[in-house]
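Sequence lines, in order, name chains A and B. Residues 1 to 297 in our numbering are what the first sequence lists, from first letter to last. Residues 1 to 196 in our numbering are what the second sequence lists, from first letter to last.
Hints were generated in silico from the structure; no laboratory data involved. If you're wondering where the values come from, they're calculated on a predicted model, not measured in any experiment. Ideal placement from N, C-alpha and C gives every residue a C-beta, glycine not left out.
Straight-line Cα separation of at most 25 Å, SDA-like style, residue types lysine to any residue; simulated pairs:
no.	chain 1	residue 1	chain 2	residue 2
1	B	K6	B	G20
2	B	K110	A	A150
3	A	K47	B	R4
4	B	K45	A	T116
Simulated coverage check for chain B against chain A, where a stretch passes if three residues somewhere in it have a Cβ under 8 Å from a Cβ of chain A:
no.	region
5	53-66
6	118-129
7	132-144
8	162-173
9	179-188
With the C-beta cut set under 10 Å, the calculated list includes, among others, these residues of chain B facing chain A:
no.	residue
10	D34
11	V76
12	A78
13	G79
14	T82
15	S83
16	T84
17	R85
18	K105
19	G106
20	G107
21	L149
22	M151
23	E153
24	R191
25	Y193
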Amino acid sequence: MTDEDILVSRLRENFLKLVDLAVTDLPANVEETLKDRLRAETSEIAKDQLRAILSNIEVARGQHIPICQDTGIQMFHLRVGEDFPLKAKLPLIIAEAVRDATAKALLRPNAVHPLTRLNTGDNTGMHVPYIEWSLIEGDVLDVEVLPKGAGSENMSALRMLNPGDGLKGVKRFVLETVAAAGGKPCPPYILGVGIGLGSDGVMKLARRASVRPLKEHNEGSGMADLEKELLGLVNETGIGPMGLGGRTTALAVNIEIGHTHTAGLPVGVIFQCWAARRAAARIYPNGRAEYLSHEVN
Amino acid sequence: MGYRMKTPISEVDVRRLRVGDTLYLDGVVFTARDEAHKRALDYAKEGKALPIATEDLAMFHCGPIAQRVDSGWRIVSAGPTTSTRMEMFEADFLDRFKVRVIIGKGGMGKRTTEAMARVGAVYCAFTGGAGALGAGAVQSVKGVEWLDLGMPEALWVLEVKAFGPLTVAIDTHGNNLYEEVTRRVEENLKRIYARL
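So here's chain B without its partners, still in its complex pose (with noise of 0.2 Å):
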């Protein structure tokens, strides 16, 4: 199925999207990496707030080139991360920022997976190299926090428009696109093992 979703995006909405499906996305997406993941479950513990506020947006592993033009930022290129890198973070993260969607590529963790289900959120990928149609979707820059991670690690806040296509991949049933694939590829190898 293909679908076309605008944030905010409500946890019923997100909840209808299956493994396999097509998403295109308007609205607010903003990037988190590594460190902006680490940083804001440090917050957490601490109390303190975040400077943006995080739910029911989508979340974008992604570490853009951006220039600094008169107006403010242009984002040159914008393609995804690999997201098993913030499995160590992400359910706890989901848990606390209830983010609807992430985007990203390479695929998340049993543990992710089982967080989404829980809170009610999705896991798109995104083609890993495609940064100039990832710019392409961005419609303007609407901030940048924590600049001081340097330009990949910042929390990029992106207005987007017809996002995509991202694939979902993780759904909020339990399902996981990556899991299956594993699967079938290690009955691919068992049988390429025998007869090497």
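Excised from the complex, chain A in its bound form (with noise of 0.2 Å):
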């Protein structure tokens, strides 16, 4: 083997262990925020739905099996180094370790043409797995992979508003959408908005936003105290955990800003399930993976 099969190989491994960690395992604060919010809840209901999601948690790490059926469309962000090897490689390299989870019942095979349904069988197809990339100085690769149902993804929202609806109308627009969702997101959600750009630039914000670890407030852009007041809004909605009625709509409410145009104001909405699956790793120029969502002994 050359050295650059090994590499390829190795980055292989190391994808397929991201997408296994992401799907069998949640990141902690998730797991400490429901367990704070069972405490909260009075509904029977609301706490035998929080109950059932906690004890799946554990049942889904102790037997290593997906947490949830719906593996989602295989998502990773990429933030690569300028100096990192094999960068034109990536997508194929990702596109194989989907193959070997896939192969391995980690993911369900959820890739389908749009039009036919006629299901791939192994999560790859046109622009899938879908990869963002962004260039950073330096030689290591940050990728995040992010296994998103379609249930909560069904939810999202678009809307163009005017300069003139001001904050309200954003306000507005975000319980319009939440209302709207219901229980059908799989409440409690994060929820990911966006505010600003285009129209395809404010979604991804939402989706920058709707990943973000839970209890990272977005002081930079001074949008934490809007994220606290919107999370409190949607949980006095009472649509609760599964839409059964409770206190626990949204775990978190995470809003990612950017200018727009002087006629626009776009806010976009994305919904992450509880099942908020993401894995994270700093992979060096030689393979060696150092994973920062998960502990791997």
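The task is to assemble the complex, starting from two chains supplied on their own in separate frames and drawing on the hints.
This is the structure in structure tokens:
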């Protein structure tokens, strides 16, 4: 094997490991937040839902099986060092790792042609797995694997508000979206809100907000107060766990903001279900991975 | 109230259930999502029989992860999918195929609620995302039909034991827990919007 072959095979193993971690074990802060919310609930039905969620997380971890059968369309966020090797080969290596994970029954084959509905059987296809890139200085690769189910993804919404609608219009649109979604996106969820840019950019902001780890607030851009206010309002709706009523509809509201055109006020909303699956690692040029989201022995 | 029932379930038994009750199921549960509903209703239109007898069974809105093993199949993860996608099919499906229990998440609408009262069937919520718990209740895979639709959309016939807890969310008396919650949410929102 050449050095390149060795590196390709290490990367493939790392990507497979990340998918495995993401679908079988949640980041610890999600579980902690769910336990906090179980203490805050008063309705028996809501408590039952949260207990089932917590016990499901334990069973999945203990038996090393997927937490949720909807393991989504695989989404990879890459921040690639300008000196990291094999940059142009990464999509092919990632696709191979996704095929491996599907063959090992860690992933349900979910990728279908949108019109014929024919399933490719291995979670690859046109633009799938979906990869977002950004370039950074240095020689490491920071990678996040974000398996995302369709129950929550199907509730995504975009509205091109008028500047005159202002902050009040933003809050109202978020709440209307939450009300329309009801129990469908598997509450309690993490609500990602994007504000600004254009129609595509605002959804990318919403995506980034929806996958931000819990208990991190957007202090830098002055959105932390609005995040807390919206979380309070969303939970005041009473939709509750699984839409069966209760005090816990969202675990967090995360906002990402960008400048926008003087004539516009785009707002995007993306729901991340409680099974907020995410695994992250830093990969060095020799293929060694340092796992950031999970403890790996 | 808490109940444990085994399929086949009679109409009389299912009519005893009320919104808010907890149910555990034993027996045979089959999965069906969008594509299986569509095909089943096409079959009915063409006068073709379904590959399984559905009457008095439980139907699970679920696309499991299944793995081939020596003896057949193993269910790896099996939680509910969003039931409202099947709203466009379900009333006709119930009239034609007479399942007694539908298990899913997120609730169903008015047409299904009316059909459930007419036919004698309930809708039960199983916690969304609880794929590991669902798989734990599966004792064996009795068969799989329509695998050409893909693993999630195929019709999986499962033998389950103590499948639950299931929360009865639509009963045979026209009660729909989701509609009750929606009414409360709308009242809450009026108050919230006034404060914005």
